[in-house]
Amino acid sequence: MAESAEPLSGFFARHKTAFNDIEQLQQAAVALHKSNVCVWCVLRFLGFELGSVYQQQTDIAAKLKLSNTNDSPCVACLGILNYDLADQVVSKYREQQFDATDVVIGIELPKSVVVRHRSMQLYCSSNKIPVLSDMVDIKDAIKYMISQQLSRQCDIHVVGESGMRIDLVFIHSESSSECQFLVKQDISRNRRNANGDSRTTIVNELAACSDEKFLASFTSPPPAISTAARLETIAFKRASLFVGGRYLKLERNVSQTPFIIDGRRVTEFSVSEIIGEPLKLLTRCDSYNLVGSGREDADVRMLGDGRPFYLECINPRTTQLEQQQIHDIEHNLKQTNSPVQVRQLQLIKPEDTKVIKEGEENKTKHYCALVWFANQLSEEKLEEINKMGQKEIVLQQKTPIRVLHRRAPLTRPKKILSLKVVHIRGRFYKASIESEAGTYIKEFVHGDLGRTVPSLAQMANETADIFELDVEKVSLDFPPS
Amino acid sequence: MDSVPITYELGAYEQLDRQLQAQPELYVNRYFAEHFYECALAGKRKLEQVESASEDASNSVINRERQYVRMAPNKLCVIGLASSHPLLDAELKGPLGEIVKVEFADNVVNSVIKGKSKKQSLRLTPDTKLCTIHTANDKQFIVRAAVKGKLMEWNQRLESDPGLVQRSPEQGFIAIIKPNTDDNSKILEACV
Chain A
1371 MAESAEPLSG
1381 FFARHKTAFN
1391 DIEQLQQAAV
1401 ALHKSNVCVW
1411 CVLRFLGFEL
1421 GSVYQQQTDI
1431 AAKLKLSNTN
1441 DSPCVACLGI
1451 LNYDLADQVV
1461 SKYREQQFDA
1471 TDVVIGIELP
1481 KSVVVRHRSM
1491 QLYCSSNKIP
1501 VLSDMVDIKD
1511 AIKYMISQQL
1521 SRQCDIHVVG
1531 ESGMRIDLVF
1541 IHSESSSECQ
1551 FLVKQDISRN
1561 RRNANGDSRT
1571 TIVNELAACS
1581 DEKFLASFTS
1591 PPPAISTAAR
1601 LETIAFKRAS
1611 LFVGGRYLKL
1621 ERNVSQTPFI
1631 IDGRRVTEFS
1641 VSEIIGEPLK
1651 LLTRCDSYNL
1661 VGSGREDADV
1671 RMLGDGRPFY
1681 LECINPRTTQ
1691 LEQQQIHDIE
1701 HNLKQTNSPV
1711 QVRQLQLIKP
1721 EDTKVIKEGE
1731 ENKTKHYCAL
1741 VWFANQLSEE
1751 KLEEINKMGQ
1761 KEIVLQQKTP
1771 IRVLHRRAPL
1781 TRPKKILSLK
1791 VVHIRGRFYK
1801 ASIESEAGTY
1811 IKEFVHGDLG
1821 RTVPSLAQMA
1831 NETADIFELD
1841 VEKVSLDFPP
1851 S
Chain B
112 MDSVPITYEL
122 GAYEQLDRQL
132 QAQPELYVNR
142 YFAEHFYECA
152 LAGKRKLEQV
162 ESASEDASNS
172 VINRERQYVR
182 MAPNKLCVIG
192 LASSHPLLDA
202 ELKGPLGEIV
212 KVEFADNVVN
222 SVIKGKSKKQ
232 SLRLTPDTKL
242 CTIHTANDKQ
252 FIVRAAVKGK
262 LMEWNQRLES
272 DPGLVQRSPE
282 QGFIAIIKPN
292 TDDNSKILEA
302 CV
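As they're listed, the protein sequences go chains A and B.
To get my numbering, take the position in the first sequence, counting from 1, and add 1370.
To get my numbering, take the position in the second sequence, counting from 1, and add 111.
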């Protein structure tokens, strides 16, 4: 970049610094630069605010007559402050093609930076260089240069809080033990009291450390280094996108989530994959998680207007979606006669998901079952059962044997709110049941070896079994619109 | 909202219907895989088994005292008396008298079974005595655990209703055990 014609004095007049005298400013700049401080940091310590000044570095370096022979990395910022950093971060960000409009940047610097800053402060004070208390912080400088690039190339601005996060971690092994002198090595007492070398501990110890004590263990200006700090990690994280709706399961042998034992799939399909895969393609997320308001067994269908659920799309690249695109997924599942279909599929807010788990515990469910009795029931017996079924029946259900391996052994009282049994033919009957959430219906029918009392078998005084079960209705007001 | 009434295709169940009609209690085979354990062998394991093998047919049936080990898909085993057990066999049970008492072992009655992981549950080996069954004619039969694992449940109903064992062998089960391993061959090591 060509040196601008403006003399240093004009430049000095236009920008606020820590100085009143231009000669003092010039002397300070040279002294700092000679101590292995880069131009970025020189400008910071001189008190320049973040702005165009930092983009005209070569120009200013020339005006301040800073020699170009400095090859070793800056002792203050460990070589972190350079424009390649912004290029690196921004190009990586563009690779992912997130469609975010704002972003928050998190930065982790090597711990030695804090110690070295104190050392710089002491150097400045001993050389009568005034240092502003609100001088530009290294992290703010990094955010500044990255946000300049981002808004130019990606039309996105850096803010304090956002669903989109860029996390940067810098490592500098060469100076990693520089903070150790501040840490108390208290090995004599038990381990819990020993102070770690965490960032907060170091900051606190530095504040408590007097200048004399500091200078006894650490040089001022900071010691030279041969390697620059390295940008170890650039991580991108986006707040999850939530899609809600109701799902129907029209065929049997579909589990809610992938069911794998010993590496083999037990059921070919799962509700979460049938709904999740198209959404994964649409949102370009890393993975997804389906949460339903309750579950039905793999061999049980979910009919009626479906079971409320939400699907969390983790780290989505695309979140700006049209309702039409969501609707297309619903339409497509219908057109292809998919065993799992959805209704009212829509984007929802994270707060809307609370209802799903709350409803699981206190909403009633309606079922329809194919029941078999060892002997056809007499008219009277059938009438008797249906009469009992008009009133509430309270069951004492011991934890069913089929889940006893993973649930606590308890006897849970559960209500059958209504029961209606209709004869189909021979020993086959159709039972319509409305029950409290958490009632095991299969066990209510056959009695689970007498561990669910009463059972339909007991009421009919015949061995009974259930051959098919369907959930007809899950009463829960969801999704929101 | 369209709600078409649900209809069931019964054709697929005709065969099952016929099989179960003859022996309804076999419905448990839809939920459990049945294996067998011979209780009488446990006591004789230290003695020469050759002797018992050479005894005549009727004797060896009495000696066997078969128990069923019904394993659910989650590996939990329900232990009870098999239909060939002297107490259930049509010919053999008469002289024994009906069951008057099912006396569970002290360590079974005092066992603690609670919590999701059931950590404090009583540990059992196949030979562990679960209970002693007393008959009206003063005969006694021991029921053993048959598998190595933790006790999940013992059938308290039998304390007040000992006749349940003979009336309904599947509701009159003795105990439910959680094996230590998922490996069927290891679980059923003591079984026949």
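Please note that the accuracy of each hint is not assured.
[To be verified] No farther apart than 30 Å at their CA atoms in a straight line, the calculated lysine-lysine pairs in the DSBU-like style are these:
| id | chain 1 | residue 1 | chain 2 | residue 2 |
| --- | --- | --- | --- | --- |
| 1 | B | K227 | A | K1768 |
| 2 | B | K297 | A | K1727 |
| 3 | A | K1768 | B | K297 |
[Stated by the list, open to error] Now the stretches of chain B that chain A is said to cover, found in silico as 3 or more residues with beta-carbon under 8 Å:
| id | segment |
| --- | --- |
| 4 | 117-130 |
| 5 | 199-209 |
[Said to hold, decoys possible] Residues on chain A that point at chain B, a partial pick, calculated with CB under 10 Å:
| id | residue |
| --- | --- |
| 6 | K1509 |
| 7 | T1769 |
| 8 | D1835 |
| 9 | D1840 |
No lab work stands behind these hints, which were simulated from the structure alone.
The structure displayed is predicted, hence computed values, not measured ones.
No residue lacks a Cβ here, since even glycine has one placed at the ideal position from N, Cα and C.
Structure-based check of all given hints:
A hinted pair counts as satisfied when its Cα atoms are at most 30 Å apart, and K227 of chain B with K1768 of chain A qualifies at roughly 14 Å. A hinted pair counts as satisfied when its Cα atoms are at most 30 Å apart, and K297 of chain B with K1727 of chain A does not qualify at roughly 40 Å. About 28 Å separates the Cα atoms of K1768 of chain A and K297 of chain B, which keeps this hinted pair within 30 Å; it holds. Under the rule that three or more residues need a Cβ within less than 8 Å of chain A, the assignment of the segment 117-130 of chain B holds, with 6 such residues.
Look at the segment 199-209 of chain B against chain A: 0 of its residues bring a Cβ nearer than 8 Å to a Cβ of that chain, fewer than three, so the hint is violated. About 46 Å separates the beta-carbon of K1509 of chain A from the nearest beta-carbon of chain B, more than 10 Å, and the hint is not met. Interface hint status for T1769 of chain A: upheld, as the beta-carbon distance to the closest one in chain B is roughly 9 Å, under 10 Å. With 10 Å as the threshold, the beta carbon of D1835 of chain A comes within range of chain B, its nearest partner Cβ sitting at about 5 Å, so the hint holds.
Checking D1840 of chain A against chain B: minimum C-beta separation of about 6 Å stays under 10 Å; hint holds.
Of the numbered hints listed earlier, those contradicted by the structure are 2, 5 and 6.
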